[in-house]
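J.: We have chain H already, so just place chain V with the ligands on it with the hints.
Protein chains: 2
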Amino acid sequence: MKFNFTDLLTDHVSQERLARLISALAEIGKSDGDGVNRQALTPQDVAARKFLAEVAAGCGCEVYRDEAANVFFRRAGTTDGPPVVTGSHIDSQPTGGKFDGAYGVCAGLEMMAALNDAGVVTELPLEVAIWTNEEGCRFAPGSMGSAAFVQPELLSTFRESADSTGLRFGEALDDAANALQFIPLLPLNRPFSAFVEAHIEQGPVLEREGKTLGVVSGIQGVRWFRISVRGQTSHAGTTPREFRKDAVLVATELVQQAYAAANESDADLRLTVGRFEVSPGATNTIADGVTFTIDLRHPSDDVLDDFEARFRSWTRRQSACSISLEELMRHKPTPFSEKVRATVAEAAEQCGEPWRELLSGAFHDSMYLAEHCPTGMLFIPSKDGLSHHPAELSAPDELAWGAKALTLAMYRLANPSLDVAGQ
Amino acid sequence: MKFNFTDLLTDHVSQERLARLISALAEIGKSDGDGVNRQALTPQDVAARKFLAEVAAGCGCEVYRDEAANVFFRRAGTTDGPPVVTGSHIDSQPTGGKFDGAYGVCAGLEMMAALNDAGVVTELPLEVAIWTNEEGCRFAPGSMGSAAFVQPELLSTFRESADSTGLRFGEALDDAANALQFIPLLPLNRPFSAFVEAHIEQGPVLEREGKTLGVVSGIQGVRWFRISVRGQTSHAGTTPREFRKDAVLVATELVQQAYAAANESDADLRLTVGRFEVSPGATNTIADGVTFTIDLRHPSDDVLDDFEARFRSWTRRQSACSISLEELMRHKPTPFSEKVRATVAEAAEQCGEPWRELLSGAFHDSMYLAEHCPTGMLFIPSKDGLSHHPAELSAPDELAWGAKALTLAMYRLANPSLDVAGQ
Ligand SMILES: [Zn+2]
Ligand SMILES: [Zn+2]
Numbered sequence: 001m002k003f004n005f006t007d008l009l010t011d012h013v014s015q016e017r018l019a020r021l022i023s024a025l026a027e028i029g030k031s032d033g034d035g036v037n038r039q040a041l042t043p044q045d046v047a048a049r050k051f052l053a054e055v056a057a058g059c060g061c062e063v064y065r066d067e068a069a070n071v072f073f074r075r076a077g078t079t080d081g082p083p084v085v086t087g088s089h090i091d092s093q094p095t096g097g098k099f100d101g102a103y104g105v106c107a108g109l110e111m112m113a114a115l116n117d118a119g120v121v122t123e124l125p126l127e128v129a130i131w132t133n134e135e136g137c138r139f140a141p142g143s144m145g146s147a148a149f150v151q152p153e154l155l156s157t158f159r160e161s162a163d164s165t166g167l168r169f170g171e172a173l174d175d176a177a178n179a180l181q182f183i184p185l186l187p188l189n190r191p192f193s194a195f196v197e198a199h200i201e202q203g204p205v206l207e208r209e210g211k212t213l214g215v216v217s218g219i220q221g222v223r224w225f226r227i228s229v230r231g232q233t234s235h236a237g238t239t240p241r242e243f244r245k246d247a248v249l250v251a252t253e254l255v256q257q258a259y260a261a262a263n264e265s266d267a268d269l270r271l272t273v274g275r276f277e278v279s280p281g282a283t284n285t286i287a288d289g290v291t292f293t294i295d296l297r298h299p300s301d302d303v304l305d306d307f308e309a310r311f312r313s314w315t316r317r318q319s320a321c322s323i324s325l326e327e328l329m330r331h332k333p334t335p336f337s338e339k340v341r342a343t344v345a346e347a348a349e350q351c352g353e354p355w356r357e358l359l360s361g362a363f364h365d366s367m368y369l370a371e372h373c374p375t376g377m378l379f380i381p382s383k384d385g386l387s388h389h390p391a392e393l394s395a396p397d398e399l400a401w402g403a404k405a406l407t408l409a410m411y412r413l414a415n416p417s418l419d420v421a422g423q
Numbered sequence: 001m002k003f004n005f006t007d008l009l010t011d012h013v014s015q016e017r018l019a020r021l022i023s024a025l026a027e028i029g030k031s032d033g034d035g036v037n038r039q040a041l042t043p044q045d046v047a048a049r050k051f052l053a054e055v056a057a058g059c060g061c062e063v064y065r066d067e068a069a070n071v072f073f074r075r076a077g078t079t080d081g082p083p084v085v086t087g088s089h090i091d092s093q094p095t096g097g098k099f100d101g102a103y104g105v106c107a108g109l110e111m112m113a114a115l116n117d118a119g120v121v122t123e124l125p126l127e128v129a130i131w132t133n134e135e136g137c138r139f140a141p142g143s144m145g146s147a148a149f150v151q152p153e154l155l156s157t158f159r160e161s162a163d164s165t166g167l168r169f170g171e172a173l174d175d176a177a178n179a180l181q182f183i184p185l186l187p188l189n190r191p192f193s194a195f196v197e198a199h200i201e202q203g204p205v206l207e208r209e210g211k212t213l214g215v216v217s218g219i220q221g222v223r224w225f226r227i228s229v230r231g232q233t234s235h236a237g238t239t240p241r242e243f244r245k246d247a248v249l250v251a252t253e254l255v256q257q258a259y260a261a262a263n264e265s266d267a268d269l270r271l272t273v274g275r276f277e278v279s280p281g282a283t284n285t286i287a288d289g290v291t292f293t294i295d296l297r298h299p300s301d302d303v304l305d306d307f308e309a310r311f312r313s314w315t316r317r318q319s320a321c322s323i324s325l326e327e328l329m330r331h332k333p334t335p336f337s338e339k340v341r342a343t344v345a346e347a348a349e350q351c352g353e354p355w356r357e358l359l360s361g362a363f364h365d366s367m368y369l370a371e372h373c374p375t376g377m378l379f380i381p382s383k384d385g386l387s388h389h390p391a392e393l394s395a396p397d398e399l400a401w402g403a404k405a406l407t408l409a410m411y412r413l414a415n416p417s418l419d420v421a422g423q
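Keeping their order, the protein sequence lines are chains H and V.
Position one of the first sequence corresponds to residue 1 (full-length UniProt numbering), numbered consecutively onward.
Position one of the second sequence corresponds to residue 1 (full-length UniProt numbering), numbered consecutively onward.
Some hints here could point you the wrong way.
Same chains, same label: a pair holds when it works inside one copy or across any pair of copies.
[Claimed, not checked] Simulated pairs of lysine-lysine, DSS-like, Cα-Cα distance not exceeding 30 Å: (1) K245 - K383; (2) K50 - K30; (3) K30 - K383; (4) K332 - K383; (5) K339 - K245; (6) K332 - K245; (7) K332 - K50.
Everything labelled a hint here was simulated from the structure, so no lab data went into it.
One chain only, chain H, in its complex shape (with noise of 0.2 Å):
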């Protein structure tokens, strides 16, 4: 395949008709400047399901929703079995730019237009999906629509969910399902080939290495811990050291005391404490409380199962104060498939573009759709790693080039005659 179609493909992928679409697409909830504030299941969010729709029925693909507001655009392939699925989210947060979520439903829809300008057909047929209420930001938790999609149990619950004005998501998925109602229903949970999520990285890695694609190779366990140390409050000036209980004494030595462990760990453990607060806080009172987070990333639930304990057992050391440790959040790494770690990874070496194969530190519906079928993602370079900020950019570029190797990889997958008859 690589020696005949490669070329064909990605030279029918447009890096200005895509442009155009991003652009397009930004109009609809546009804010300040660069701006984009559309946030799950509002007006704006369900206009730019209907504009992505009409895009993709120009495209001559068959337009589908399900219960969870999901929408998916598919393109026939030459046999009927389960669709090899791209997408992402078209949600942003109250402050968002162009590119979170967008771009990976855009590339999509320009590997539609590109696979039609090539006259190429899969054997399997190909849907671009858009996941409902990724940011979680109107809504929590996040990602309701591809985890509800893979455990439609869950739908129930997130239809509780209220946003601050005390409407609930469900009342807006309702509103959504009576705006999209000329869209036919499929249901939850229905079987998948492959997922393929392209995403900008919202991280530096790529732009500072000069990488164009990133073949993500899994998502990050992530455990957040709230430590309480308590001291005793007292005079700076009259009280001796050896009679001091001081909060920020003990909290700090903590602190410092986990970096260095992390700092000796392999450079995939990611620590952050990014919350501190002390009381009373007065320049001349022994600190009786420090509340501190641990923000703590690894590929690895060993590893996160180690570090937690070599933590825990810091914080039951003797001490000048009590310490107690509580437990926030727990999310276990997601490591993608192999095939399709390999299947992007033939892509992007094909495009000619240097690429490296990295870790996604966020979330992502790809977490989810990993529990339903072999699952993977591609990710292009943020400028200075930003995101979830009007100033978040990728070059055109790089949106094109992360494009190209979309319909490399998602070409393939969709070709399952090519594993027996080799390359």
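T.: For chain V with the ligands alone, coordinates are given in the frame of chain H:
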């Protein structure tokens, strides 16, 4: 003297009379439970001056005041030399107790009564002083009365200091002068032979070591610094370690380094980090800013200089973040007069109660008086080291032992011929 007069003097100090005076004074400005709220130059503070002036007059004292509303109770000597003065302050914090400040004034009046009962007259006159606005909570800074007494040129600046309602210290001073106009004025900065202040420790040392009396060798020097660490905010999940500019990582390292260096220094160095504020302060966001404070105290300016120089050098080291340091406050150490220290120590020894030398970690009016005349202090224990709190407590016998030692020391200082005669 100690063979002839010690028992005579101490036997006439009355634990009951002293306790009654402290209780009666605590009724003026009494707040919830055992608390006292008698802030500087409030009607309560002025009423307390009038009440104590009546008590002093009942002891045969002459009553004087000065332009800073400081009040003095004088017991004549056989000569007209500069007086030997004791006393403290009677203003309190909003949630103060019965003893901070008030004890030193009441112990001075008990001394007057005991000398009367013993039929003893000193060579030099004795005085009990009430210094205005030591606490500094209504009008900043603290110790205005003693500071203005020693440096009268400060008074015009102090007069401009306003309370939270906008009322200026000068207006409050004029109102107090009006209310106390029956009391004759004496000039600021008139000569004293010596000053001895009795005060509760406001710390845990005497109680923990089972000492009844503390001979204060001086007041620690104190320096306050604010340290600002500036990094760069980024996503906890997507930012590899080598790209991070984590302000919490850098700030906690500086704090730990400072505590470690303080630990290796002599036991009198006291370091407190009482504030530590993080921005933006989100669990999954690397902090771009930390601001923390350092409260540093030691009796020697050399030791403070050395520690400050070392700490400043750490802030200039290569780091992922930029670090700035700002000095917020500086007070030089105040060593007390050798002669007064020795006299107070001898008096404590004559009491036969356990005593020790110690430093004052908190400020007192004696800090300013030490610039004016030979000065010293005498501490009694504070239960649990508490002060500025309704639960502030010293035991009745400790209150009495302090008054006895004070009486012995004042008697000795007010009879200079004993120095010539030998003992
Ligand atoms: Zn996204
Ligand atoms: Zn005081």
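J.: So which of those numbered hints doesn't the model satisfy?
T.: 5, 7
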